[in-house]
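Generate the whole structure from the sequences, applying the supplied hints.
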Amino acid sequence: MNRPYFLNLLRIGLPIGGVVSILHRASGALLSLSVPLLLYAFALSLESEQGYARVCGFLGGGIGWLGMSVLAWASVHHLLAGLRHLGFDFGYADRLATARKTAWGALLLALVIAAGIALRGLV
Amino acid sequence: MRFRIYRYDPESIGKPRMQDYEIEFDPQGKKVLDALIALKDGLDESLTFRRSCREGVCGSDGVNVNGRNVLACVTPLEGLKQPIEIRPLPRLPVIRDLIVDMAQFYQHYRAVKPYLINLEPEPESERLQSPEERAELDGLWECILCGCCTTSCPSFWWNPERFLGPAALLQGYRFIADSRDQASGERLDFLEDPYRLFRCHGIMNCVEVCPKGLNPTQAIGKIKTLLVKRAL
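Chains Z and P, in that order, give the protein sequences. Numbering-wise (numbering that gives the first Met the number 0), the first sequence opens with residue 0 and increments by one. Numbering-wise (numbering that gives the first Met the number 0), the second sequence opens with residue 0 and increments by one.
Do not rely on the hints blindly, as some may be mistaken.
Claimed, not checked - Here are some, though not all, of the chain P residues that point toward chain Z, as calculated from beta-carbon distances under 7 Å:
| hint | residue |
| --- | --- |
| 1 | 67 |
| 2 | 87 |
| 3 | 93 |
| 4 | 204 |
| 5 | 216 |
Worth flagging that the hints you see were computed from the coordinates, not collected in a lab. Glycine included, C-beta positions come from ideal geometry on N, C-alpha and C.
Structure follows, in structure tokens:
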């Protein structure tokens, strides 16, 4: 018999640890998917002076700045959330209250560092 | 008080739906289960849910209230946002309304052999433990198998047949940690599997919702540590 089941993700509250974990995966996927683009940009910049100028021009523009800011956030978030999970594996901070604090810490610290990197890119 | 409750009738061809109820009910000092019983008695006798001890011991009235898995009998009505949305535990097949089929959950529980394995002749009185050895079982034996933790776990949502889930893994560790048990090796052999154990990524939804305040993530971490130690 085919029975229905309830699994509406919009109706299930996700605790902060779950949010950080999903963002850890999303940031990891984003970083992996960006590798070909980054390699292409890197190769182009090494090809010639004009290529280098083109890459600089793109990264200096609005879309380039936005893309690099998002990737900066993805790198920092992935690193911090990864260290948090590594800590769990060694038995550190695996109590709920501490785990909530480290989740908020990883989330906010990644945003602050990424914002700092993004603002430096504007100057 | 206003409620929105998940309804499903297996005898009709319709899909599950949410039904709104409004009832005069003083929430002070009352729990979600009290309101469900009042709704069934006063408004709609077809509303179906499980309950037994009504004090957080039997674990039969696990439901999802406003997005969070809880035991209806120990969850205060006061402070809940209205309309209070009540749904069955996520991912388990719904038999009717708030009643889910726990067969998969129990299958995983059985798989970890939740009983003492000791092949030595039975002693005349009892198998003794030191107070320290007994203390190792605290935080493990209290599980009431309500299913709140396992059904809040995304790894279980995506792999309900292969990932054992936090409740079964907590029980698995309860016997690994028992000084009287002689089957730790076999138990670890069974758990050393990319799905059964290692689908746990430590997001701790299980710890967030456990109505008994237990920490399956910590127990799972200890199993992983034992596996690493054994490999070295």
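Minimum beta-carbon distance criterion (7 Å), residue 87 of chain P to chain Z: 5 Å, holds
Interface hint status, residue 93 of chain P versus chain Z (Cβ within 7 Å): Residue 93 of chain P check passes; min Cβ-Cβ to chain Z is 5 Å, inside 7 Å.
Status of the hint placing residue 204 of chain P at chain Z (closest C-beta pair under 7 Å): 6 Å, holds
Proposed interface contact between residue 67 of chain P and chain Z, which counts if any beta carbon pair is under 7 Å: Check passed: Cβ of residue 67 of chain P comes within 5 Å of chain Z, closer than 7 Å.
Interface hint status, residue 216 of chain P versus chain Z (Cβ within 7 Å): Residue 216 of chain P check passes; min Cβ-Cβ to chain Z is 6 Å, inside 7 Å.
This entry satisfies every hint, going by the numbered hints stated previously.
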